[in-house]
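Following the hints, position chain B against chain A.
Heads up: the sequence lines are chains A and B, in that order. Its first residue numbered 0, the first sequence is counted upward by one per residue in numbering that gives the first Met the number 0. Its first residue numbered 0, the second sequence is counted upward by one per residue in numbering that gives the first Met the number 0.
Derived by calculation from the structure, the hints in this document are not laboratory data.
Straight-line C-alpha distance at most 27 angstroms; calculated DSS-like pairs for lysine-lysine:
| id | chain 1 | residue 1 | chain 2 | residue 2 |
| --- | --- | --- | --- | --- |
| 1 | B | K47 | A | K570 |
| 2 | B | K47 | A | K341 |
| 3 | A | K83 | A | K120 |
| 4 | A | K224 | A | K211 |
| 5 | A | K341 | B | K85 |
| 6 | B | K47 | A | K589 |
| 7 | A | K722 | A | K570 |
| 8 | B | K131 | B | K112 |
| 9 | A | K120 | A | K81 |
| 10 | A | K540 | A | K555 |
| 11 | A | K902 | A | K914 |
| 12 | A | K722 | A | K545 |
This structure is a prediction, so every number in the text was calculated from the model and none was measured.
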Amino acid sequence: MNEAQDPELLEEFTSESLQGLRDVEQDLLSLEGEGDVDVELVNRIFRAVHSIKGSASFMGLDNLVSVAHLGETLLDLLRSGKTKASGALTDAVLAGNDALMQMLEDPDLGANFDCSETLEKLNSVLSSIQNPSGSGNVSDGKAAAESEAIAQASELVKEASEGLEPGDHLSVVRSKADPRFPLFGLEVDLSELHHNVDTKEGVLEGLKSVGKVLHATIPIEEIDKRDSGCCVIYYETVLDVEMISTHFGIPEENITAIDLKSIPAAPAKEDDSSPKDSATETPSPKQPTSEKNEPQVTKRPEKSTSSSSETTSAAKKQPASKPSSSEQTMRVPVRILEELLKWTGNMVMARNQLMHEFDFSESTAFSTLSQAITGVHETVIETRMATTGSLFERYRRIVRDLARQLGKEIAFHIEGGDLELDRTILEGFADPLTHLVRNCCDHALETPAEREEADKNRQGNVYLRSYVQSGEIILEVQDDGRGIPADIICRKAIEKGILTAEESEKLTEEQKVMLIFSPGFSTKEQATSVSGRGVGMDVVKNNIEKVGGTIEVRTKMGEGSVFAARLPLAKALVSSSLTAALIVEIDGEKFAVPETAVSEIIRCDATTNSHIHQVDGREVYQLRDQLVALIDLRVPLEMAELSTFGEGNQLDDVQPGDSRCLVILQYRNHLFGTIVDNVIGIQEIIVRSTPRLLQNETVFSGHTVLGTGRVALILDVNGIVTKMNLEFIEKGKQRKEGEQGEKRVTSTLSSDSPATQKMLLFNYSENEYFAIPLELVALIERVSKADLQKVGENEFCQFKNETISVMRLCKFLPITPLCEDQSEFCLIRPAAVEYPLGILVGMDTSVLEVAETFETRLDDGHGVVGTFMWQDRLVMMLDLFSVFEKHAPEKLRIEDNSDQPAKILIAEDSLFFRKLIAQYIKKPEWTVDIVNDGVEAWDALQKNPSRYNLVISDINMPRMDGFELATLIREDRRFDQLPLIALTTMSDDHFRQKGLAVGFDRYVIKIDKREVRSTVADCLKIKRNR
Amino acid sequence: MQLSTFLIDTETFGVPTLLVEELFRPQPVTRVPSADPRLEGITNIRGKTAVVLNMRRCLGVSDADESVANEMVLMETSAGLVEEAKELGLEAFNDPVILRVDESTSICSVNPKTIQPAPAHVNQIFVEGVAKSGDRYITVLSITSLINDILHHSSEN
Chain A
0 MNEAQDPELL
10 EEFTSESLQG
20 LRDVEQDLLS
30 LEGEGDVDVE
40 LVNRIFRAVH
50 SIKGSASFMG
60 LDNLVSVAHL
70 GETLLDLLRS
80 GKTKASGALT
90 DAVLAGNDAL
100 MQMLEDPDLG
110 ANFDCSETLE
120 KLNSVLSSIQ
130 NPSGSGNVSD
140 GKAAAESEAI
150 AQASELVKEA
160 SEGLEPGDHL
170 SVVRSKADPR
180 FPLFGLEVDL
190 SELHHNVDTK
200 EGVLEGLKSV
210 GKVLHATIPI
220 EEIDKRDSGC
230 CVIYYETVLD
240 VEMISTHFGI
250 PEENITAIDL
260 KSIPAAPAKE
270 DDSSPKDSAT
280 ETPSPKQPTS
290 EKNEPQVTKR
300 PEKSTSSSSE
310 TTSAAKKQPA
320 SKPSSSEQTM
330 RVPVRILEEL
340 LKWTGNMVMA
350 RNQLMHEFDF
360 SESTAFSTLS
370 QAITGVHETV
380 IETRMATTGS
390 LFERYRRIVR
400 DLARQLGKEI
410 AFHIEGGDLE
420 LDRTILEGFA
430 DPLTHLVRNC
440 CDHALETPAE
450 REEADKNRQG
460 NVYLRSYVQS
470 GEIILEVQDD
480 GRGIPADIIC
490 RKAIEKGILT
500 AEESEKLTEE
510 QKVMLIFSPG
520 FSTKEQATSV
530 SGRGVGMDVV
540 KNNIEKVGGT
550 IEVRTKMGEG
560 SVFAARLPLA
570 KALVSSSLTA
580 ALIVEIDGEK
590 FAVPETAVSE
600 IIRCDATTNS
610 HIHQVDGREV
620 YQLRDQLVAL
630 IDLRVPLEMA
640 ELSTFGEGNQ
650 LDDVQPGDSR
660 CLVILQYRNH
670 LFGTIVDNVI
680 GIQEIIVRST
690 PRLLQNETVF
700 SGHTVLGTGR
710 VALILDVNGI
720 VTKMNLEFIE
730 KGKQRKEGEQ
740 GEKRVTSTLS
750 SDSPATQKML
760 LFNYSENEYF
770 AIPLELVALI
780 ERVSKADLQK
790 VGENEFCQFK
800 NETISVMRLC
810 KFLPITPLCE
820 DQSEFCLIRP
830 AAVEYPLGIL
840 VGMDTSVLEV
850 AETFETRLDD
860 GHGVVGTFMW
870 QDRLVMMLDL
880 FSVFEKHAPE
890 KLRIEDNSDQ
900 PAKILIAEDS
910 LFFRKLIAQY
920 IKKPEWTVDI
930 VNDGVEAWDA
940 LQKNPSRYNL
950 VISDINMPRM
960 DGFELATLIR
970 EDRRFDQLPL
980 IALTTMSDDH
990 FRQKGLAVGF
1000 DRYVIKIDKR
1010 EVRSTVADCL
1020 KIKRNR
Chain B
0 MQLSTFLIDT
10 ETFGVPTLLV
20 EELFRPQPVT
30 RVPSADPRLE
40 GITNIRGKTA
50 VVLNMRRCLG
60 VSDADESVAN
70 EMVLMETSAG
80 LVEEAKELGL
90 EAFNDPVILR
100 VDESTSICSV
110 NPKTIQPAPA
120 HVNQIFVEGV
130 AKSGDRYITV
140 LSITSLINDI
150 LHHSSEN
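In isolation and in its complexed conformation, chain A is listed as follows:
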């Protein structure tokens, strides 16, 4: 049995067949999805299985043959239209496919496999199709077998010279052939043959006169007797192809030279009971008719199988079929490709260096060369890259099978599958993702019934997604299932001793969910056959970390979860691949920053400097509507630091033409900035991995060689963030979790919680803390005791050519004075105060977001508007303006002359501002009614239309906003005389136009007390002219 055991041949066979079977699987899955059977697709599947059967039969692999044969039969029925693609049929063929793959992967090639189950499955589907059909079937089956025999014959001739698919014919031929003479296979159409032959003797005679007819696929005697149909004649002759062709009228394409040596001497399997053999070897009277019924086999060997498509009704339109994914492939050791990649990478770098050294703009030869170099490099990279889509596609089958198995309906989606990364890295993700997908189908997604009950679509969804963000590649598995219950997880973890109850108190929701990655964790008591017991998630985490990635999970109860695996781009790309990077210079050294991490580049000039402020001694940049932290990259790079701490901004000395630039970098969803000495530009660089000796430098993700020949290190934003301990605050969250502050704040999967207020927290003496709205703060600076100068009762301080009046809170509020020994303070410069003023406070300052629930019992009328608890401290909220007034009454006293009694209605949803405004317009003659939103305001007006002399309204309110309220009021004639003032925070300024259009008389900034009071006073005086 065993020339067939030639190991190289076996290898070829197994790897080619496996590739073919994988394609079959994909094709089968897409077959299921379509309405009409795509005939071309089925043909492709058929050919693949057929070809495997042939080779297997040659190799003597019975099990493979039997399974393949049944599969083939089913497929044939499908392609000839005799049955439809049902779930059962696809199941059976998929099962057969699986069995074939398993056997191919087995070292014994399935010799010892028990295929009975698979064969059962296939057989039962087969008989259910065949039995109802009745008599027509037997001959149809035979006819199908016949056409297949002929198809194979043609294929034989084509393949014969490659020695890949011999069959019984060839072995007969071999046994008869004389090695001295050239051997040909002649594919002939008998009807044409007779026409063309000159002699009257008949074809056979003619052939025999100049050579020897060894064998044919129809009985040799029949060649002359039949005048239609096709066959292959195996012919030995000294004539060459051209002569044979002219003499016998056989087109040259149909004449194939056969190399005897390439025909392996396989034992003919005459005793096999496969229908094909019996059909050819025992011609029965039925044959001629069935042969006649077959339309012609095409002459071109390559297209032999289109005969089968013609047995189906020619009228059937071929829907556009996807191109077969199995192109010609070749096996090459990976090592060679890596060598190649290294050389091409060097070529690219050298080319870049040349371009830097010389001017080649005139040389066409150079540009051709340059293009060729880029082309070669990119092509080689392709060999090492694979798309995420190619990995994701594998899960389609898994999801389908699981859905069927579990009785769930699951739709599978791929997003962003075009992303390319290094093949081996991608493989590293295969197992973890498989586990996540299985878990998802098993645990996360509910049954259709459960989903309906929860008001969801019956069909659950699984999304596999990949994208790039700030220098990282992210692979996500998302579902719209149950979500992960953090508290149950936490409880389980405590039960399993993974952590203690006290430790669990300190965890956030997210951290609790992340507990699923702890070793030994599993929430299902029974291991399901699908996802197993507790070995899962921690292995997933480890595998992902092994390739250099991290994993995180976000979940929302009832809505679903997202598992995201992140991998730094430099690790995911093939070494030597090209990527775009920004080249910057710091202290004479050049660095590369991946383009995906760069958000913006801003040239440094005086305007830039004016946008730089100081918070807690550190620089921040005002980027449109947010404050972005400015860091000095010299710190993580351990280069000599700029020291401007306490001495103003680093850009204070900026001149026109300064080459410095501010680069805004992106880390996940956050931004931070840095100032570099120079921006060289964006270049395509070859990424090379960090040398082993430098691998612990986490701020670098690799290196490259620039056009100058110098090495430039590639910066890794993640590494920088970690090394600098930058903590980005999510909206709505506190920096320190788990303490009292957290109860005040909601953190959700989505975005902002509306009712929070940004406050600046500061201390005065040791333990007394105060807060003011951040909007009231223009600047915070550090001052030392030496900077303060006393002039009589007042204190002043010089700052950037300005003299600032310094105010100590203890003078106006009953609080502990600042410590005498204290040498350093912070000075808060308030916004919306025209007078240069600074409030002296302690050093402990920070920014926080608080929900608006504060106590107001301490409202003492002296300037403390309310209090709240913050990390076990009592924080007092100040009304700065009342304090200011006391400090410099002559400068800040609000003048107003109206003594008329008036009733004012205020609509404002923010508790803080309600209090504030109320304070601002506190006057004995004025009665103030305050409501929460537009609806309440409107109700109040309706109840008592003539009560109010003035309405002040916020814009952003729930239920009904300011604009709507204004529109309503203006539409009602009763309120024609009623003045309307709109309250706004500073950023709402662009609403001004709209406000005036809908009918507000005036627009006022909430925090500016003087403006508020004077506007109110004005409005009360004027008579509205409608």
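Same frame as chain A, but now just chain B:
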């Protein structure tokens, strides 16, 4: 066995010639201040990226003046070792490494059997032994041990 020798400060050191690929004049090095101080930085030599070890720093000698001449010694990688080297049990690092030395001096032949082990009070991890050539003593270094030490230190941090 042949030793390639070089001067660092006033002392002569040597490494097996089979482990040396090339000697050349100093070329620009990109500094990496955050790495181990003994690592000067990295540089590109004909398409290969090599890490530069400053031998003066490795041996605890103060940095030389900028103006003082120096040379670079490119060490072989393990892939580039010849049979003979492997037979002798010589080891090289996987990636290219360059040593910055003050001056390279002659190649000496020594009998391996006459190489004495490092003296008891010489504590450096990477001193393999002391060889005598003529009336000179050459301190034989093991660069792989030096590299391992650096790797060890950086992983600790």
